[in-house]
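Given the coordinates of chain X, assemble chain H onto it according to the supplied hints.
The lines below spell out each chain.
There are 2 protein chains.
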Amino acid sequence: MSITVVGSIAFDTVETPYGVRERMLGGAATHFALAASFFDHVRIVGPVGDDFGDAELDVLAIRGSSIDDVERVPGGKTFFWKGKYGWDLNTRETLDTQLNVFEHFEPKMSQLSCAADVLFLANIQPGLQLDVRRQCTFAKFVALDSMNLWIDIARDQLLEVIAQVDCLMLNDEELRQLTGKPNLLSAAREVLTLGPRIVVAKQGEYGSSLVTEDEFFALPAYPLETVVDPTGAGDTFAGGFVGYIARHLDQPLSSDVLRNAMAYGTALASFNVEGFGTDCVRDLTATAVTERVDDLWRFAHFEHVVIELAS
Amino acid sequence: MSITVVGSIAFDTVETPYGVRERMLGGAATHFALAASFFDHVRIVGPVGDDFGDAELDVLAIRGSSIDDVERVPGGKTFFWKGKYGWDLNTRETLDTQLNVFEHFEPKMSQLSCAADVLFLANIQPGLQLDVRRQCTFAKFVALDSMNLWIDIARDQLLEVIAQVDCLMLNDEELRQLTGKPNLLSAAREVLTLGPRIVVAKQGEYGSSLVTEDEFFALPAYPLETVVDPTGAGDTFAGGFVGYIARHLDQPLSSDVLRNAMAYGTALASFNVEGFGTDCVRDLTATAVTERVDDLWRFAHFEHVVIELAS
Chain X
27 MSITVVGSIA FDTVETPYGV RERMLGGAAT HFALAASFFD HVRIVGPVGD
77 DFGDAELDVL AIRGSSIDDV ERVPGGKTFF WKGKYGWDLN TRETLDTQLN
127 VFEHFEPKMS QLSCAADVLF LANIQPGLQL DVRRQCTFAK FVALDSMNLW
177 IDIARDQLLE VIAQVDCLML NDEELRQLTG KPNLLSAARE VLTLGPRIVV
227 AKQGEYGSSL VTEDEFFALP AYPLETVVDP TGAGDTFAGG FVGYIARHLD
277 QPLSSDVLRN AMAYGTALAS FNVEGFGTDC VRDLTATAVT ERVDDLWRFA
327 HFEHVVIELA S
Chain H
27 MSITVVGSIA FDTVETPYGV RERMLGGAAT HFALAASFFD HVRIVGPVGD
77 DFGDAELDVL AIRGSSIDDV ERVPGGKTFF WKGKYGWDLN TRETLDTQLN
127 VFEHFEPKMS QLSCAADVLF LANIQPGLQL DVRRQCTFAK FVALDSMNLW
177 IDIARDQLLE VIAQVDCLML NDEELRQLTG KPNLLSAARE VLTLGPRIVV
227 AKQGEYGSSL VTEDEFFALP AYPLETVVDP TGAGDTFAGG FVGYIARHLD
277 QPLSSDVLRN AMAYGTALAS FNVEGFGTDC VRDLTATAVT ERVDDLWRFA
327 HFEHVVIELA S
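Those sequence lines, one after another, are chains X and H.
Residues 27 to 337 in this note's numbering are what the first sequence lists, from first letter to last.
Residues 27 to 337 in this note's numbering are what the second sequence lists, from first letter to last.
Calculated from the structure, these hints are not laboratory results.
Hints may contain errors.
The list cannot tell twin chains apart, which means a pair is met if one copy fits it or any two copies do.
What the hints assert, rightly or not - Taking lysine-lysine pairs in the BS3-like style, the calculated list, with each CA pair at most 27 Å apart, reads: (1) LYS134 with LYS166; (2) LYS103 with LYS207; (3) LYS166 with LYS207; (4) LYS207 with LYS108; (5) LYS108 with LYS166; (6) LYS110 with LYS134.
So here's chain X without its partners, still in its complex pose (with noise of 0.2 Å):
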């Protein structure tokens, strides 16, 4: 199998309680792709200036992707973020965002991009992931992520690429903001007659949920005493959530596949927050990985001990 990302690659800078870090490597398809390789091949697809370098592109290759659809726009500058977050890590301020690049992206999908068996939309402008999903005619699951913007400013745009996906991936005020219903399996369910079969709600430190149709499953965010830098945290969990359902295409997606997904996604996401950037899924072990999905099952399990209740 192979997984394609189209999205965002970005320089960010960000100040966390733990300091300040200036222009690091970022975006969501950078992100997505450091944790979906450790499962599948990944094509990055977006688009890059004249400051980025080699260093960078390194990275972004790392257990095997390929970079050959990473596009240099000649003259241009990368895509620029620099936010601030609050004291418990959990608002978030964006003090300056400088598209660059970005502004007039139109994703270039090589033939071997549209061939992928698997394709995410990270968070992108609607009509461009519509583009690019109709262009990949043989992927056998596609998931899509968005954003508050999009569902304001090109609502039914994003409702006609959403309609073709398998998965949608939001937070939950997204959720409730694309369907009206302030109640999040309302909305969950909601969003299942819109299309895809699968909805992930992302829920910051509280974990994440998925709703299909049959079905109903939460994982607790993993537990961790120190957290550096949230940016990032929903693309990587995107990474290892897509990337376990890659590896598993040649069969009907299971209860089992799903849930595993939401634990490989959960863990990935817990070392994306415990370093600056890239810095901690880059290095990353798989041991390491599987260890903190088994550290999850200890921490979500509970076998149910009956007892009498008085009636």
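Just chain H, lined up with the frame of chain X:
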């Protein structure tokens, strides 16, 4: 075993997106007792006024709870709270609080109340909690709830009583406020150095987490499409949690017992929020509770299917 709960008995007027209900039976001790009475004999200690009728007392006495220590204050009026919930039921605004008989409340502990094996100190002034704690010399398990107000204005007394309980149950924000630690796990571990051996973080629609020296356990809330009135959910959870533990005090507290206690608390809280006030937990059957714990197992369970990852 027997369980004593000391706390508020109230009339609540609540406005939610599902409507307004005037002067319903409420209060922390009420919600706790209705849940805990499924597990063991409960004694309720708290004050009411002349406006508190036999119909309300009958509800308190459900499933054999003792109302002998419900103190009728002649000429007094029952504690009254009025609040309004936002559209997603995650935020609430207090519109009116009338302390009434609660203003000069001093718990009158009968010999039987003091002799309880298990004590729940619902959210009241920490000085009163301390007084009650000292009188219950035989208690094998004591749990305590509090709130932001007491952390603000009675911190020393609160820390004094926290030092003398087995389990502290607070919501995330309160744990952060109490310890000054923005990270929830750090906050919970800090509390473990203050006296308690168990910390339960109540996380509303996200569920709850349990932290002890040896373990971490988190359980999602029971997924519901219709949440009618969240008032009392935390105390209902506490009733199920403490109740399940009360039934297992003949042995050291095992991980199994604590995790099932979390699950029973979660199941009971889910019924509480499905109706206004005490409507749902009052009329609940033991079978319905057990079934929801089974459901929770399915919602939270996965078996780790290990796959080979790239390195």
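- prompt: Among all the numbered hints in the text so far, which are the ones the structure does not match?
  reply: Result: hints 2, 3, 5, 6 break, sorted rising.
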